[in-house]
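Undergrad: The lines below spell out each chain.
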Amino acid sequence: MTVAAAIPPEGPSPEASSDQAAVLARYDELGELLAGMDDRPPADPELWGPASAALLHEARLLDAGRFEDWLCGWTDDAVLWVPLSSPAHPGTDQSLLLDDRRRLAERVEWRRDPSAWGQQPPSRTVRIVGGVEAWPAPGGLVTRSTLLIDEHRHGRRQQLAGCQIHELVGDGLRRRTKILVVPALGTGVRNPSFLL
Amino acid sequence: MPADFDPPTIDFEQLVQPHRVHRRLYTDPQIFGLEMTRVFAASWCYVGHESEIPEPGDYRTTTLGLRPVLMTRGRDGGINVLLNRCAHRGTVVAGEERGCAKRFVCPYHGWTYSPDGRLVAIPFPADHPAQDYSTLSLGRLEAASYRGFVFATLNADPEPLDCWLGEAREALDTIIDRHPGGEIAVMGSPQLLEFAGNWKLSWDNAADGLHATFAHHSYNTLGETVDVETVLARDPGSTPMVSKALRNGHMVVDQRPGIPQGPWATMRDVPFREPLESTLADAGAAELLDLATGSMLNLSLFPNLIFVGNQLLVVEPVAVDRTRLQLWLTSAPGAPPEIDLLRLRVDEDFVNFGTPDDLDMFERVQRGLSIPEMEWIDMSRGLPDDSTADGSVYGPITSEAPQRRYLAHYAELMTTPAKTRAL
Ligand code: FES
Ligand SMILES: [Fe+2]
Chain Y
1 MTVAAAIPPE
11 GPSPEASSDQ
21 AAVLARYDEL
31 GELLAGMDDR
41 PPADPELWGP
51 ASAALLHEAR
61 LLDAGRFEDW
71 LCGWTDDAVL
81 WVPLSSPAHP
91 GTDQSLLLDD
101 RRRLAERVEW
111 RRDPSAWGQQ
121 PPSRTVRIVG
131 GVEAWPAPGG
141 LVTRSTLLID
151 EHRHGRRQQL
161 AGCQIHELVG
171 DGLRRRTKIL
181 VVPALGTGVR
191 NPSFLL
Chain G
1001 MPADFDPPTI
1011 DFEQLVQPHR
1021 VHRRLYTDPQ
1031 IFGLEMTRVF
1041 AASWCYVGHE
1051 SEIPEPGDYR
1061 TTTLGLRPVL
1071 MTRGRDGGIN
1081 VLLNRCAHRG
1091 TVVAGEERGC
1101 AKRFVCPYHG
1111 WTYSPDGRLV
1121 AIPFPADHPA
1131 QDYSTLSLGR
1141 LEAASYRGFV
1151 FATLNADPEP
1161 LDCWLGEARE
1171 ALDTIIDRHP
1181 GGEIAVMGSP
1191 QLLEFAGNWK
1201 LSWDNAADGL
1211 HATFAHHSYN
1221 TLGETVDVET
1231 VLARDPGSTP
1241 MVSKALRNGH
1251 MVVDQRPGIP
1261 QGPWATMRDV
1271 PFREPLESTL
1281 ADAGAAELLD
1291 LATGSMLNLS
1301 LFPNLIFVGN
1311 QLLVVEPVAV
1321 DRTRLQLWLT
1331 SAPGAPPEID
1341 LLRLRVDEDF
1351 VNFGTPDDLD
1361 MFERVQRGLS
1371 IPEMEWIDMS
1381 RGLPDDSTAD
1391 GSVYGPITSE
1401 APQRRYLAHY
1411 AELMTTPAKT
1421 RAL
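Going line by line, the protein sequences match chains Y and G. Heads up: the first sequence runs through residues 1 to 196, numbered per our numbering. Heads up: the second sequence runs through residues 1001 to 1423, numbered per our numbering.
Treat each hint with caution, since some may be false.
Restraint-style ranges between C-beta atoms, simulated for each label pair [to be verified]:
#1 SER1387(G) x GLY155(Y): 50 to 60 Å
#2 GLU1167(G) x ARG112(Y): 26 to 36 Å
#3 PRO87(Y) x GLU1274(G): 26 to 36 Å
#4 ASP69(Y) x GLY1095(G): 23 to 33 Å
#5 CYS1163(G) x ALA161(Y): 15 to 25 Å
#6 ASP1157(G) x ARG112(Y): 54 to 64 Å
Worth flagging that the hints you see were computed from the coordinates, not collected in a lab. Glycine is no exception: its CB is placed at the ideal position from the N, C-alpha and C atoms.
Can you build the whole structure from these sequences, using the hints too?
TA: This is the structure:
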């Protein structure tokens, strides 16, 4: 499996009519991945092992603050999307964030900046990943899992729960897409800049 | 009967002095309780935008000084702002954040209201035929719209909305009129951010032209990696930008004189910028790109609406040391679709890499203000103020005149409480 082969057939093609169409196609893909998740059939038990290993590895890197290593695990056409509600569409609904590879790199840089006060001192987190399900997808697999993040900084603690959807591609199961749905964002959370 | 009965004697002229204010304003729960009526109920507060409730029966809920409030569009197309509280025993009637309802049925005993708040039915009326409910309805606020922006008040004798806006109307018109056809709309699903601090901390910050250089240092250097000099990175006091303190606590920071090349030229590389930019350029509409950024005119309408970027920041007090910020994104329905597509990514940028700084500063200040032995907050920078005949104050953006002025207005509201009531 290769990264290029991972682009699903309904995704943007090289001869897409315009630049804008390619953006919209990627946004539609994200919206549909989120909207269709609850209708999926039972997961493929064969994929549970590799999917779990990839998700737990990601959680471990993030909790350890190894953001550069975490960044290496993304494809060039990566998108990290944190919508504010579900269902949602990245082109019509406000999100907490929607990062491409470039902004992911800036985010890592920002986490290292001693004057980025929103994360200085940094949040300490523990991620509990559970309920892993995985299905085959073009070029790799799609997973859904539940996530509990326990965070503390400045002597205060908060817990956020949510579900995460990953599209993992290629032999290394690199992240092409990650959607993080945290229902509490719809009622208000404190400084969510640790959410990745 | 005033909503805050048994008002204790607090000397606000002592607590709010020309050059300093007392920490109690930020830490005293009793003062917070009084503010919910004397400031929030007695002023015009922003409730929502007409574009959020386009059809008859559409509604959205919010709060006004902690009071659950309901904005509806009536069958006649008119806008109503109601207290979301059943006239029977007080249940909150509409539980969803938004929706469309022909009638609002109270879930407790089934009393039923029309979208304009009238009580239209009670269950089993034949059981008690002599009963008269004709005087009962949902409580109503005085409501008025300025070009689609809906404000409401419980003040028994409010200044007309246009007068209350005063000189701020000019800035508000500028923000609206930059949208093609003067059409501005508000998207659903706000970003909701809380901080462990008093609501006035966000107000102190809204026209603070000095903090960006320090508190947002990391955002400024994030811009440097792509060789873009952000406005925030320059010596703020030496730019031709101006801040203005207007009547009624309103404030304006005009950054436009400091960015003659236009705001898009200072924009960072947000996700999917290039394809959308080139689609617009191919259509010969590149000059519209400035619309994808904010107006560079930060307008704050005291006490709860701040225009920043293309977002409406609504300040919602929760407790003396807890505040919720609602960030609503505005769209430009008259512009090519690329503009709104860009706006989504542009406004996320500061919320992710700038707003966390502000939230952290607010919480740090609140912690610092917990020290009883250090009583005062200094607000003297730029004194003495030069004011114009209409009471406005102008200065470089590093002057603390806007903070002084809104707090002086605040002290007036707190010292001489206006009568409040529901219609
Ligand atoms: S409280 Fe609403 S019907 Fe009784
Ligand atoms: Fe700020």
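Undergrad: Each hint should be assessed against the structure and marked as holding or not.
TA: Hints, one by one, checked against the model:
The supplied range of 50 to 60 Å is broken by SER1387(G) and GLY155(Y), whose beta-carbon atoms lie about 43 Å from each other. GLU1167(G) and ARG112(Y) have their C-beta atoms about 44 Å apart, which leaves the hinted 26 to 36 Å range violated. Checked against the hint of 26 to 36 Å, the pair PRO87(Y) and GLU1274(G) passes, with Cβ atoms roughly 28 Å apart. The hinted range of 23 to 33 Å is not satisfied by ASP69(Y) and GLY1095(G), whose Cβ atoms lie roughly 45 Å apart.
Between CYS1163(G) and ALA161(Y) the C-beta distance comes to about 48 Å, which lies outside the given range of 15 to 25 Å. Here the CB-CB span from ASP1157(G) to ARG112(Y) is close to 56 Å, well matched to the stated 54 to 64 Å.
Violated hints, listed in ascending order, are 1, 2, 4 and 5; each of the other numbered hints is respected by the structure.
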